[in-house]
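There are 2 protein chains.
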Amino acid sequence: MFDFKYFTPTKVIFGKNTESKVAELVKEFGGTKLLIHYGGGSVVRSGLLKRVTDCLDAAGIGYVTLGGAVPNPHLGLVYEGIELCKKENVDFLLAVGGGSAIDSAKAIGYGLANEGDVWDFYDYKRQAKGCLPLGVILTLAATGSEMSDSSVITKEEGLVKRGYSSDYARPKFAIMNPELTMTLPDYQTACGCTDIMMHTMERYFTNGGNMEITDALAEGLLRTVKKNALTLCKNPKDYDARAEVMWAGSLAHNGLTGCGNDGGDWMTHKLEHELGGLYDVAHGAGLAAIWGTWARYVYKNCLPRFVKFALNVMEVENKGSDEEIALAGIEAMEDFYRSINMPTNLRELGVEPTEDELKLMAHKCAVGVGGQMGSARVLREEDMLNIYRASM
Amino acid sequence: MFDFKYFTPTKVIFGKNTESKVAELVKEFGGTKLLIHYGGGSVVRSGLLKRVTDCLDAAGIGYVTLGGAVPNPHLGLVYEGIELCKKENVDFLLAVGGGSAIDSAKAIGYGLANEGDVWDFYDYKRQAKGCLPLGVILTLAATGSEMSDSSVITKEEGLVKRGYSSDYARPKFAIMNPELTMTLPDYQTACGCTDIMMHTMERYFTNGGNMEITDALAEGLLRTVKKNALTLCKNPKDYDARAEVMWAGSLAHNGLTGCGNDGGDWMTHKLEHELGGLYDVAHGAGLAAIWGTWARYVYKNCLPRFVKFALNVMEVENKGSDEEIALAGIEAMEDFYRSINMPTNLRELGVEPTEDELKLMAHKCAVGVGGQMGSARVLREEDMLNIYRASM
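Those protein sequence lines, which keep their order, are chains A and B.
When you line the first sequence up against the numbering used here, it's residues 1 to 392, in that order.
When you line the second sequence up against the numbering used here, it's residues 1 to 392, in that order.
Read the hints as simulated data drawn from the structure, not as lab findings.
Treat the hints with caution; some may be incorrect.
[To be verified] Below, in silico cross-link-like pairs of lysine to aspartate or glutamate (EDC-like), each with a Cα-Cα straight-line distance of 20 Å or less:
id, chain 1, residue 1, chain 2, residue 2
1, A, K5, B, E355
2, A, K21, B, D240
3, B, K11, A, D186
4, A, K234, A, D186
5, A, K308, B, D167
[Claimed, not checked] Have a look at the derived ranges for each label pair, beta carbon to beta carbon:
id, chain 1, residue 1, chain 2, residue 2, range
6, B, C233, A, E317, 30 to 38 Å
7, A, R347, B, K234, 51 to 59 Å
8, B, K16, A, G30, 32 to 40 Å
9, A, K125, B, R45, 26 to 34 Å
10, B, E317, A, N235, 58 to 66 Å
11, A, E323, B, F2, 40 to 48 Å
12, B, P236, A, P304, 25 to 33 Å
13, B, A390, A, P185, 52 to 60 Å
14, B, K129, A, E348, 54 to 62 Å
15, A, S46, B, F2, 56 to 64 Å
16, A, P304, B, K129, 50 to 58 Å
17, A, S20, B, R347, 48 to 56 Å
18, B, F2, A, G263, 20 to 28 Å
Yeah, the Cβ is synthetic: ideal placement off N, Cα and C, and Gly gets one too.
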């Protein structure tokens with residue numbers, strides 16, 4: 001196993017009506033003037049934003065608001081947020097929403113705590129030296145950004161989607177009320193469950209440094225999300241299932257499921273990022289559409305892990321050769337995706353790239369990862385193109 | 001399930017030679033003058049203390065040292081540490097050792113950050129309002145104090161052993177090098193594994209608010225420790241097994257394995273605390289000596305959990321009635337304790353209390369928990385006496 005660092009300082013307040021604690025949490029972490037950053041109008045229509053501002057008003061905490069964070073959040077809005085915060089002397093960021101609002105807020109936080117263009121960090125040009133403190137009220141279980149060090153921003157010019165990670169951006173607190181996720185469209189719920197599982201699976205399919213306890217936690221998390229995703233297909237208002245998925249979303253991406261390994265594979269994410277950048281598809285659906293093809297392309301290079309996954313997560317029968325068991329596990333995972341109405345190829349995802357577009361995505365992906373990447377199997381531009389083609 | 005808070009801010013640096021990072025970590029958290037607090041002479045004899053002070057000297061960080069923290073650490077040394085720190089203007093505590101040194105340092109930290117007698121907190125008289133910042137270099141995988149909010153101190157007068165918990169005392173960083181645990185006596189290693197499993201089991205055997213994901217993580221953790229405890233019986237120098245157990249020790253008591261439940265049962269710990277106070281037995285061994293009797297006394301009141309434990313942790317055959325499966329799980333756990341040379345009753349633990357001593361322990365235990373306690377089954381003084389008697 002490898003040495004590792006584990007750092008998850010985010011204070012999680014989990015349960016019903018926990019958003020009512022926002023003012024005391026903001027005070028605890030020293031916020032006096034907030035930017036409340038959110039996405040679409042759902043937090044307005046649901047009354048959540050009003051409940052939050054009422055709570056802040058009662059506590060005498062000032063704030064300005066900025067909506068409009070879209071899925072695959074845009075750099076333009078980040079710049080807008082930075083300017084607004086400077087003008088209003090904001091000293092604390094409050095993201096109300098899912099990964100888009102949180103990631104956008106993290107980028108705004110980097111912009112405020114560092115000189116120069118914030119895109120430099122996402123463009124691998126330099127490292128951030130800080131981030132304005134950030135709190136979260138989570139309304140969507142998916143990206144795990146509420147406890148993670150990572151954020152993903154899309155630059156509109158050229159539709160370049162890039163991630164940047166540093167401990168500075170880990171939220172100070174995360175308010176997690178599963179009830180806030182109950183009104184999500186079924187498609188978004190399923191996308192979220194897929195994203196959660198993929199955060200763990202990216203760390204699971206590796207060729208280096210695995211720990212037994214990390215595997216046991218990862219497998220338990222994956223079985224839990226699989227089961228509760230199916231429950232939510234039938235009964236989207238099941239509080240317990242919402243809670244299981246919501247908490248799993250944080251644990252899947254705060255570092256816990258990667259302790260001791262080599263950092264993970266992450267190629268499914270990188271391949272999907274190009275899809276997301278070019279077609280603006282939902283991130284979770286894009287991952288589901290790519291994963292099966294990726295898995296078949298790499299499994300022979302990471303066979304023991306695919307066998308373990310098949311037996312301990314997908315619970316396939318322990319029968320036949322290792323290759324047969326591994327393939328049965330991949331098929332079972334694709335069957336699961338279909339059972340929660342997720343796509344398992346690009347056509348089902350609703351995109352039909354031309355050969356030139358496939359080549360463009362493979363090229364951008366290869367450039368984005370610095371030439372080659374992957375732990376289950378190292379992939380180069382040619383491999384990326386092969387996977388994109390086979391996933392049509 | 002219940003609402004919960006989850007807060008584990010400790011920065012964990014895990015792996016070989018990580019103690020060499022102590023100076024940069026102390027600086028990161030603002031320490032300029034340290035108390036290095038440790039237990040017996042083993043950290044001196046092993047050269048660890050010298051390596052730590054060399055590292056601090058090179059970085060120009062001042063320090064004073066205080067050894068002598070014993071298992072079931074004493075209040076007297078806590079008072080001594082507080083006085084020393086005041087005299088030397090210490091602003092950061094560094095515990096080098098296991099739970100005894102860490103718990104003792106936490107109590108010193110409370111004493112420095114609060115007016116009045118530090119024992120008040122352990123005596124349930126008032127709540128702490130802060131704690132001097134604390135870092136840890138861990139040399140023993142057991143109590144989980146390196147990430148936990150808890151500490152246990154024994155007042156010499158009357159041998160009163162009490163715990164106090166608050167987030168203020170969660171260490172700022174924990175340096176965890178599994179190699180530092182390789183020279184432990186086998187008995188201490190086994191005691192540590194028992195303590196780690198019991199921290200999770202105390203949270204597992206409850207009658208309220210369980211989450212599927214918490215159960216899955218707890219069961220995975222327990223299976224991992226069970227397997228690696230057996231490995232360490234055969235090969236105490238197995239690095240990977242040491243690492244699995246060490247990381248499990250932190251996760252077993254940082255809150256992760258209790259999210260969503262009612263707080264846990266904890267009566268095995270409370271019953272053992274009286275044994276530890278009166279006879280100064282090793283904490284892990286005391287827990288093993290009590291658990292089986294406790295389990296047989298309460299299992300009918302918490303049957304579904306004992307069945308789940310039997311099947312998913314002890315992996316007994318799914319055959320017979322629920323009661324039979326539950327009892328088979330308890331027996332399997334006792335067999336496991338014996339296989340790592342842990343006692344399963346008081347005689348094997350090496351203590352033979354008189355009837356008066358049993359009554360005294362039951363009385364002190366009942367007073368200590370405020371009359372009654374337990375989630376698997378609520379126990380009163382009479383029940384505690386029954387369990388002590390049956391565990392002879």
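Original post:
Hints broken by the structure, by number, lowest first?
Top reply: 1, 2, 3, 5, 9, 10, 15 and 18
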